[in-house]
Amino acid sequence: MVLEVRGITKRFGGIQALTDVTFQVGKGEVFGLIGPNGAGKTTMFNIITSMFPPTMGEVIFMGKKLTGLKPHEVTEAGVCRTFQNIRLFPEMTVLENVTVGQHCRTKSGVWSSVFRTGAQKQEEKSIREKALELLRLVGLEELQDTFADNLAYGQQRRLEIARALASDPKLLLLDEPAAGMNESETKDLFDLIQNIKKLGITVLLIEHDMPLVMRICDRLIVLNFGKEIAQGTPEEIKNNPEVIEAYLGREEEEDLA
Amino acid sequence: MLAELINPYYLQVLSFILINIILGVSIYITLSTGQLSLGHAGFMGIGAYASAILTLDYHMPLVVGIVVGAILAGIVGLCIGIPTLRLQGVYLAIATLGFGEVIRVLFINLEGLTKGAVGISSIPHIGRELVKGLQDFGFKASMIGLKNNQLISLSVFLLLLIITLLIIAFFIRQTNSRVGRAFAAIKMDERAAEAMGVNITYYKVLAFAQGAMVAGFAGALFAHVTAYISPADFSYHRAVEILIFAIFGGSEVIWGPIFGAAFLTAMPEILREVNEYRYMIYGVLLVVMMAFRPQGLIDTQMIYKLKQRRKKKGVS
Amino acid sequence: MILEQLINGITLGSIYAIVALGYTLVFGVLDILNMAHGEIFMFGAFMGVLVTNTLKLPLIVAFLVAIGVTAILGFLLETLALRPLRGKKGVSHLAPLISTIGVSIFLENLAHHFFGAGNHPFRTSFSEMSFQIGTVTVYAVQIVIFVIAVLLMVGLSFWLSKTKAGKALRACAESLEAASILGVNTKKMITTTVIIASVMGGIAGVLVGMAFNSVSPQMGLSMGLKGLAIIILGGMGNVKGAMAGGLILGLAETLVVVFGESGYRDAIAFALIIIILLVRPQGLFGKASEARR
Amino acid sequence: MRKFSKGLISLVAVSSLLGITACGGGGTSSEPAGGEKPAAETAASGDTVNVNVGVVSILTGSGAGYGEAITNGLKLANKEITEQGKVKLNLLIEDSAGKQEQALSSAQKLMNSDNVSAIIGPTLSTEMNVVGPEADMNGVPIIGTSTTAQGIPQIGDYVFRNSIPESMAIPASIDAAVKAYDVKKVAIIYGNDDVFTKSGFDTMKAVAEEKGLEITTIEEFQKGQADYNAQLTKIKGTNPDLILASALYNEGAVIMSQARKMGITAPFVGGNGFNSPEVIKIAGEAAEGLIVATPWFGDKQDEKVQAFVEKYTAEYGKAPDQFAAQAYDALYVLADAVERAGSDDRDAIRDALAETKGFKGILGEMSFDEEGDIVMDPTVLTIKDGKFQLFQ
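Chains as they are written, first to last, in my numbering: chain A, 1 to 257; chain B, 258 to 573; chain C, 574 to 866; chain D, 867 to 1258.
FYI, nobody ran anything at the bench for these hints, they're computed from the structure. We put the beta carbon where it would ideally sit given N, CA and C, even for glycine. One or more hints might be untrue.
Stated by the list, open to error - Have a look at the derived ranges for each label pair, beta carbon to beta carbon:
1) Pro340/B to Gln16/A: 31 to 41 Å
2) Arg656/C to Gln565/B: 31 to 41 Å
3) Arg448/B to Val852/C: 21 to 31 Å
4) Arg448/B to Arg128/A: 24 to 34 Å
5) Val634/C to Gly1183/D: 23 to 33 Å
6) Met702/C to Lys1184/D: 26 to 36 Å
7) Ile60/A to Arg566/B: 48 to 58 Å
Next up, chain A with everything else stripped away, as it sits in the complex (with noise of 0.2 Å):
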């Protein structure tokens, strides 16, 4: 197992955000977490990178308890997200977001920056081929000196993905990629997730657009009010009638479909 998810719980304050919430993912699947809105999917998120603490319950990647550990220190074990509302460093060219994502992968400090040695001259020559290795992957070479907040809303989707990848991850965490993109847009981004997923790693999901989720994810988990109401392959959550009247409850029959 990559990812050991068990027993989380969280409240903030009076409000009960996930109860209780345990899965497993398997090396190299992608794995769908969905659900309506308010549904914890990004607290959940948020408690994997120890964003913060849950209130009981811990997170185990690759035999390794990420809970209590710092965040970034979740970056090096081999975990990284995106964000739902896109956290871009907009002041920053396109290649230079990419090169902050390889951070934890590199080591110069201080005194070998200011008086360029050659380790740290070989190093930056790496990160630099390094990232324009990722932005060829998710198709933005063209615009490595654009500054970040000049992009179009798809491409920022596609530019957070290179910088999570730049981490080096095993697991990658993905927070409604597909959100607000056009159909041709969401077309792209599946086929990057199934090249992601060639490069051996995980995929941990979060995403509204239903058919695309059954596509491409192994399998899911369907939270509504922090509860996990079922787990599966695509197949049997379509069928599963307890997520039916979850999200027809929820007047989204569509998604469903």
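Given chain A, work out where chains B, C and D should sit, using these hints.
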């Protein structure tokens, strides 16, 4: 020819500009991780007092005094930086303001060490010491056709120029490196930087301590250029003045505070009438800059465009 | 002796509290530290001097003029220095702080120009009124200051919690966006808040002038920094905390003198800022959750 | 490296540009920089000695009031000196804004661009601490007219002052007060964050100890404080016969006002900074009983003094204070020295200044001691019936 060009007055003004540039750089470093410090006058004071006391009371060489002063300010910055890390934005600014004032009160009250409000006078002067050193080697001002005071002012200026250029070069290189990118990432989006594997605690404390150290360094130089310091030199107004260098010139790129410090220091010399309204202008400047150009006159876009233009020219 | 010192401390503390109330109101609603508050306070004090000493008009006129002028200053502060920053893309949360520092520097030096650097006497027959309790002389001004401080605190709490306008204001404090969706005219509410806060500063200014017979352009900075310390002590945006914090600081400063360390009197406020921020950033009376990070 | 050299080029460009503009701004002065002694040539052309005198004073900012009085006093003196025609002094006035850095820049300008033979000023002791050593090193005689802190004349051979230091004023006034009121116990209150009040306090404490007076308490206050009640209540509790207050008149007047209101009736002794007619304006009746020692007494029954007061009032619309008077006398002392030196040579003027003995000015009779400090007997004054009077 040379003798007529070298006017101690201009060199004096330029020397103060250089010291203020170093101060501008010091606040730039702190700001480059998005931390606003109103305590830089305090760090400057620590550097100045430490160096003055070491050279005057303990007869240490100037170099030792200045370096120890800077390091001490850096250490204090470290000690302040770590606990204040959990404070954000406004709260950090207020805490540093409190720190700066406490330091000033300590300067006033620790009379045994600092001579209180009366201040420390006859601090060894960089230029005079340097020229004395040269004379010991048998070098005299008249040998290059200068008067003694011209040589003194010239040596102060050149020394400060070299130091300033080194500091600027240091931080330009740091900015264009992994460390600088981490700083910038933290400034733009702390949470995203954290998620990308940047140890924000480490880099924020690093930036804070570096800023404190550079401010302390500038303070030590200041003490040895004016040869007299008193607690009033390191008040809240000084902290605001340092901040204005960065706010006016711009805090996104290092050229911003450099320009800000140079322009605002030279302005009252060139336009003496401005002096009367200097602080009123500062006040209006802060408000106007925040409303119309919060990033300062010189920003990333501007530098970027300049670079693009140069690139194009290179091609054609 | 100690009784007299207590009265001194409470008087000073009440003044601090009135200054801090204005601070805390703006912070509570707008999340902005108004660094120019001290200077608005100073202008209020100068209006008092101008009216009573220069124009020889009665004290009540002084209060009215001070209220009027500080209200205008508050309005200008909001429209010129704060509103342009609001909702603008890419403006950091530090911008209003810096902008109000700008206003404070400007006002301090403007006062220098208008009124000169020196202290101005503030003589009114009212400030001479006193009575004797045992061996202790109590001045009417001291009582008035304390009463006004309490009234303002109670009034402000009542207004915030019970009246419609106050509720709208608190809605603004929760979330400007949500308040405007709920139909609150946020622009008007914000302007009102800044004006009320400024007026409270103005009133405090006149009271200080009366109590200490001294008004100078520099008093704004010193009082402003004290006010800052108090709201950090009492919890940002906390009305009762501001009152308690003011009294604590006033008494602490007086006691430091009593125990013979008057040289550190000014340092108390600054040391308090640091200690409170590090140990209990939500302030003595704030709720812990308010100050996450 | 490329980036670095680019930076270097732009910085050099910026600084040279500033240099050029600074030249443009500075070029308005009467003498071009460079030539060894341009003034000497003009001096040779006439019978009278023609000398450039630099003035560094606060013309802008919070201390501008002092600077105004000083420059007014100087201008008035210069007008008279020119009329007398024995020497001709060209006053070149530069602003220091009360800041050390700017005072130093201004002095550098005067010494190097304008080639002055002597400097009067700067206004504050803090400024003199920075400017003095530089002037001394350049061999330019410099006279402080308002710098009263300890150690000023000791900066060097070229540094003089004609303002009486606290170490002269305070013993005189304490002496007088002790005699008149049979003082045994004194309380001290002083501003601990200001150079002048702090050094004044040091003197007060030393004098009180030397005279065997019991110090009941020492209280401190800080700039910008409006409330002195806590300190005064404490002083009141110790019931002193005399209160020594080292404060600038702005704060001092408020302290007296609050003290009297509290029922403290003991007389006050103040330092140089406390001595101003403004005290009466601010504190009103509460100012009664303030004792100060001063070189300057405007109501003195002396022809010279009255003539000065009359002329000054006619010219500037207000009565002169001690700063104006000290500056006025300083320029006369300098003119006297220039006349004796007979040239604009800096060293000659210095030597002549050092020999000044028994000079009779509006302040009284004064000399310089071997360190360049003033020697004279100050007058002790007290505030009575709403004005300064001789203390009996």
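Verification of the hints:
1. Pro340/B to Gln16/A: 31 to 41 Å: 34 Å, holds
2. Arg656/C to Gln565/B: 31 to 41 Å: 35 Å, holds
3. Arg448/B to Val852/C: 21 to 31 Å: 25 Å, holds
4. Arg448/B to Arg128/A: 24 to 34 Å: 26 Å, holds
5. Val634/C to Gly1183/D: 23 to 33 Å: 31 Å, holds
6. Met702/C to Lys1184/D: 26 to 36 Å: Check passed, 35 Å falls within 26 to 36 Å.
7. Ile60/A to Arg566/B: 48 to 58 Å: Check passed, 54 Å falls within 48 to 58 Å.
When each numbered hint is compared with the structure, no violation occurs for any of them.
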